[in-house]
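So the chains spell out like this:
Number of protein chains: 2
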Amino acid sequence: MIGKIHKQMSHDSWLFSKMATPEYTPFVFLLLLFQSSVWGFPSCHATKPGMLNVHLVPHTHDDVGWLKTVDQYFYGDRNDIQHAGVQYILDSVVDQLLKNPDRRFIYVETAFFYRWWKQQTDDMQNTVKQLVNEGRLEFVNGGWCMSDEATTHYSAVIDQMTMGLRFLNDTFGHCGRPRVAWHIDPFGHAREHASMFAQMGYDGFFFGRLDYQDRNRRMVAREQEMLWRASESLTPPMADLFTGILPNGYNPPEGFCWDQSCDDPPIRDDPDLEDYNVDDVVTRFLHIAHGQALVYKTNHIIMTMGSDFQYENANLWYKNLDKLIRYVNQMQSNGSEVNVLYSTPSCYLQELHRANLTWPLKGDDFFPYADSAHDFWTGYFTSRPALKRYERISNSYLQTCKQLEVLGGPISRKGPFGAGDSETLSKCLVYTLSSHSSAMAVAQHHDAVSGTEKQHVANDYARKLANGWAHCQVLVSNTLSSLSGSSAPRVYCEHLNISVCPLTETSKKFSVNVYNPLARPVSWPVRLPVNGTAYRISDAKGKAVDSQVGLSVLIMVVICRSSITFAMTVIWKGVVLSLESFVSRFLGLDFLRVTFDPETGLLSSLSNLETQQTVKLSQNFYWSRFIPVISQFLVSALTPFPCLIPHPLSPSLHQNSVVQEVRQWFSPWVSQVVRLYTDSRALELEWTVGPVPIGDDLGKEVISRLDSSINSSGVFYTDSNGREVLQRRKDYRPTWNLRQSEPIAGNYYPINSRAYIKDDKDQLTVVTDRSQGGGSIQDGSLEIMLHRRLLYDDVRGVGEPLNETSDIYPEGLVVRGRHLLSLSPPATAADTHRPLAQEVVLQPLITFTDGELHPSTRLEFSGLQAVLPPAVHLLTVSQWDQDTVLLRLEHQYQASESKEHSQPVTVNLQKLFSTLDVLGVSEMNLSANQWKDEMTRLDWKAESGTHHTGVTNQLSAYSAL
Amino acid sequence: MIGKIHKQMSHDSWLFSKMATPEYTPFVFLLLLFQSSVWGFPSCHATKPGMLNVHLVPHTHDDVGWLKTVDQYFYGDRNDIQHAGVQYILDSVVDQLLKNPDRRFIYVETAFFYRWWKQQTDDMQNTVKQLVNEGRLEFVNGGWCMSDEATTHYSAVIDQMTMGLRFLNDTFGHCGRPRVAWHIDPFGHAREHASMFAQMGYDGFFFGRLDYQDRNRRMVAREQEMLWRASESLTPPMADLFTGILPNGYNPPEGFCWDQSCDDPPIRDDPDLEDYNVDDVVTRFLHIAHGQALVYKTNHIIMTMGSDFQYENANLWYKNLDKLIRYVNQMQSNGSEVNVLYSTPSCYLQELHRANLTWPLKGDDFFPYADSAHDFWTGYFTSRPALKRYERISNSYLQTCKQLEVLGGPISRKGPFGAGDSETLSKCLVYTLSSHSSAMAVAQHHDAVSGTEKQHVANDYARKLANGWAHCQVLVSNTLSSLSGSSAPRVYCEHLNISVCPLTETSKKFSVNVYNPLARPVSWPVRLPVNGTAYRISDAKGKAVDSQVGLSVLIMVVICRSSITFAMTVIWKGVVLSLESFVSRFLGLDFLRVTFDPETGLLSSLSNLETQQTVKLSQNFYWSRFIPVISQFLVSALTPFPCLIPHPLSPSLHQNSVVQEVRQWFSPWVSQVVRLYTDSRALELEWTVGPVPIGDDLGKEVISRLDSSINSSGVFYTDSNGREVLQRRKDYRPTWNLRQSEPIAGNYYPINSRAYIKDDKDQLTVVTDRSQGGGSIQDGSLEIMLHRRLLYDDVRGVGEPLNETSDIYPEGLVVRGRHLLSLSPPATAADTHRPLAQEVVLQPLITFTDGELHPSTRLEFSGLQAVLPPAVHLLTVSQWDQDTVLLRLEHQYQASESKEHSQPVTVNLQKLFSTLDVLGVSEMNLSANQWKDEMTRLDWKAESGTHHTGVTNQLSAYSAL
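Here the protein sequences come in this chain order: A and B. Going by UniProt numbering, the first residue of the first sequence is number 1, and it counts up by one from there. Going by UniProt numbering, the first residue of the second sequence is number 1, and it counts up by one from there.
To be clear, the hints were calculated from the coordinates, so they are not data collected in a lab.
The list that follows gives simulated cross-link-like pairs (lysine-lysine, DSSO-like), each with its CA atoms no further than 27 Å apart:
1) 758/B / 616/B
2) 616/A / 761/A
3) 323/B / 118/A
4) 99/B / 118/A
5) 129/A / 323/B
6) 543/A / 508/A
Because the structure is a prediction, the values reported are computed rather than measured.
In isolation and in its complexed conformation, chain A is listed as follows (with noise of 0.2 Å):
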């Protein structure tokens, strides 16, 4: 095993830490199986240095699910409903690159090329990595998806990339390795995003969509190539991101698509027949060639010839391009001054870091986009809010088995409870490819958690998501049975969230394992379903718990660590108490104290008891008519003024020792629970939305607004992909002056985890369980759309409203969800959302076994030796062969937003296990495709004239360490 150590540690204290300035980047450490290599620029054809030359990148759009389910697409099964097979896609496409050594072609989407790989003879996959060695077979971005922007946490996305990246590795070796991020179709682009693809070693990034009046100015002023300084922690260039816009989308030119899927006219060259075209032709596409070049700086353009699963009939496109490259350039013994070529974005890419310019910096993100005025892609920051929430607890399953795979060693692999599934990915290595992995990889993609695809492809998503868990569930049974020392059948109730568990509703005598991803100890409540109405509960030392039953629920909150057990015994069984239950002007405990208005029974202020604030605080839900054709993607254009939803009739508290909770009825379809647990610093509003009435033949949006005293100035926060936190301010667009056509759509943005207002004193932030939209309309107001019902297509492809039904729910789906409120000084804001962020994201799993445990049981085990430092997040632990773990560890504090956490801080990695001996070390990039002391980026010169060294030794002052 020490042989295939890239680095071995030289002494059992080998450390990290921080860089001198507070930072927020992922340290990846693995012992790699692979001798990974630089990797230089594929053979690109030789450009002509006084013409312009034209880069024609033939590609297919492949989305990872849409219209069509992602197998769907990879067979081309219901080709009724779209026609597109990826399958024959990367045949045709194979066997044209083989009939013309110029030719080229770039892939992108690894969840399809794997499908297709696998299926492949040796001598195809020789043929094919022939054609990658060689540079006509180009891999670009390379994640098992093109992840949405909006709506994904960095988690999975890591996770996501990671996968894809690392079939390419295993499969090509260092020219497998994607150069070029290419998020040609995503609805908006997030600055996180771009920091992940800089820290993932990648040199440039391309993308189609932006809001249209910034792309018109960036045309103007010839931005339309620019250097994304995607983070505020980093020290640059860390996070810069070389990054263009496309000329049209990702589409070809206007007539020029060759494409079965196009009506373009073909080149008609044989003069015999009709129609000779050649001259024609050439003609057209000269003058749009020029045209371009008009609207970017270097001699180089670049045409995306290509689209949505294109080169299904590779011949159709490459036959005329063939024609094209010949007849335009035979035009140059005429005096033509343009030379086209077949080249890659990496080749473009490369032209352009030759031409030794500098480019205009852009510090903020591409946030919100739309494609006219009156056309803002914003709904999709909430559709679907069901299956946003079923993605991001997914995530949360999805990283506790890798945990417990770990821990578990082997026997979580093959144990009591039968073998957990996995595949060989590639020939040389093997790879755990878990259903429940590429579950939550597909469902990054764009079309996926983003909710903008067809009901039966969501559906899809969920389906392959809960057969994931299914199949995690093996695997987490085996680890607690190896680590508790029982085997007793675990029980996992999946319907907590309504209060369903048939063991816990039935059995007398049942225990409770809790088992916590987080590398800290949290307080979690448990709430189960019951039928006795007081328990006997006792934890892993022997002590009793206090708990609550209520309403059939019983409420216990517990500190867990790693993993604990519970036993719990009815002692008492028959008609439910009913407990206290009366209008109250407050909740209030140790840290947080909220007041009602006696005659709304709204809330009224919230105060920080710890802090000594208070500001005043009202909340009521709203909902927007829908007239207009609008749907997945767009968000309403018409009502400005959301209609109001009646006060709360008779609202009641309930409250017990461990939890107070006022309850409150807006409709038959809107209500919510005000809660406070014991221990909390959080006050949480449960609201519960649905069936949205549809009877008056009006689609609605649904919104929760907090209405507030804080001073906000027109400006609030978002955070992006669930890390930095970035300002955003009303009617106002950092990098162009905005032409605000849309008050509220106009306003809305992403928050995938939390989002506050603030002003000097007080800063109210709210954590959210899954990715939502929302705004600031008015200062001191917040609002986040929760719930969005439509009743007509946006005519942006989908073929049908976002009317989700289900068998449970006929009448429409209802939704339930949290959000969690705390009040702060803005200073120390983050201290307590950061934490509870990732405590909503990876939130305890909970098990049960049934009856009375064995004595010999153990009831409480950790992973860690011993608690990580609070600046510290253990994003990843997971197996990465045999005898290699990847690790993941972050510093989850943004630069300057804690005065006690924005510090370096050090690990040891050597005594981070309790179970687990490290023998040695490695560090990678964050996506672990690239040694980090290997990884080279192209250096590219801001406008500002700063111009930025390579990144070689960037990291140096931890690697040296």
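Given the coordinates of chain A, assemble chain B onto it according to the supplied hints.
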């Protein structure tokens, strides 16, 4: 040259004679440069005798024009109209055949294959030759197109078949010779086509469309495969053709269409992915195969795996077919007795032949074709009457042009008026593929002259013909210049049909050359628009010619053998004299007499003055209303009783020494001239119809109906492709018990050159100038549809109503045509209508030179040494290559139809031509792609029990002479 001659003449009186019994087959003679040889069946996959063998035949059906023009189809242009690109089909199929030697493909339309072939590299051409030699790519049918059967003339069909088959012979040798005729799409099937296919050496014939009642009966009786005895004149098995009806038209069985244009589920055989469906596919396939086996006789069944323009991305088909074959045959180990294999029609045919069964005999044809009780495809017999006439006259031009190329020799192709167009069709042979030959060849396609194409495509066919004729004119001018010794510019007046000819209208002195392409003298009326009122005309011998001028038209009747020039000089110019004009009760000259009803102005009787026979005869025009969705293909189903067009208004007589005319005006859009030339045995009805009014929002079909006193007893007669005549019986089909559902459309048949009714005494024959549809709905009545204008599409794919307008006729097309009526005793009727019809098909070419003729001009020329015997028609005289001429002579009388002419005749080939020395002669099959004495066809047993021996020596009677 001698060395190339297959059979050298042994003496100068080499003769051929007819068999003892009168027959009716063209004799084809040629000096060939290439050596044909006996062609074996290609390498067919082994079948399993004890099993049900399913022959999968991958194929594409590529219309040589339909919704798009032939060149648009070839290139894949105008894919907005229909997605189809033949260049890509052939690219893709060749690629895919190379991937798996088991795979098979058939290709049919040489018009497309030729276009593709000449764009290929030598390497690719060699690859394709290899595929053909190995039987992996098989040519089927192989004509330039898949001709229409209802509206084509045999002369043009033979030409287009010869052209395609010659290309295949020249390019691929004997492995390229199709053994199977394949008319999977034509809308009904002509017996004459079957006869021609037999004479072309085909072993079998497959088609897809037949009457639904006929099919149902044949399925039950297992008579979908039969022996078609396609001639009443030829001794069996000379015109016997094994004929099979395909199981699904030409489509794959339901659920098994894997083309890119289909939505059937692909075979998903990766158990790791969703929706594994191999079991389902296999089960469904076995079910279909067993079902199909029930309606065929042998343990072999055929499935056509393809359809219109399929295989553009052949990978989709083959990848799934490979899997289908693998998985279905895998079931054999579980006891399945179904064996699936890649196959071709000839491999399937071979297995049917090996079965050594007897097959039912078929003697009539497959017209009319109905796909359901009220959908008779009989409208297209008449659709686009202007195009149908233009195609017919273009054939006359083409035959004339070919003759003059031979007579002119090399100077015809390069002379004072330029070079004729020709191209090298293959690398081994010089072959003249003139624009006109190929225009005529594509015009034979079943969506060309049929009128079932879109308007813009019909325009393209017409444009191609016009262009072809323009090219031919160079050749004609060169030859006439050479033969006459005068290089005076030659003028062509192509609009004589509408009395437009600038030269004759302005010149005071000009000459007219009349070239007669028939092998015997004809008396032909020349009608020229002129400005003068009297002309002095002298023929080649200086003799004055009688002529008359009336209504600005000069009329003379000339009798010409081959080529004769008349000098014409204005002797009187001034006011046009008005001719005698009055209502007359009769017209009558030497041979015929017609009377008119003085009250209605309509015809009332017709007499043959030679035979002293008279029939009552009236004639009128009718139209039927079209309210339903009906167009190109179908004929009206809803109005069995057509609307009578009112009596003619003030009919007028015009007569002089040359002609007598009664002019009838029925309405502003229907008129007619009843015309009798002095020495004519036929009464001419020159009808003019259009623009058909549609102001009432009703489409209309216009017929001319003759009602006579002939006691026709529910029977009438129509020709088949201009050759043999078939009997038609009202509400009756010879091979099944018809349930008549459409009293008119169900009794309509194609009329290509003639139709007649008769009783014991009288036969009234109408010779038409183009293909039309007609019927005899009442005894003694004969109706012929002249014109159609419709406002709704018939949902058969065309997607536009048949509503013809043009630049000249924006209000709707005006169509003019002629019906030539003759009355004879039945026993001698053919003596009149046979030569008459040939005169209409091959009409004299009239050309002009301006001014005085040079004294040395040769005014008369005949290419023949002597007139051919009356029974022998000179079908083809055409340059084959530099030193070889293709000659087709046919006996033009059907067996028994003429006492005088249905007899054997003898022609001396050596003394046939006046200017050509015949060095040697080889006899060929009808399509000239096989030596006659090497023509071996499979022998088939008819159910009657008669065993027809091979045809190897069927023609020995004359080849031994």
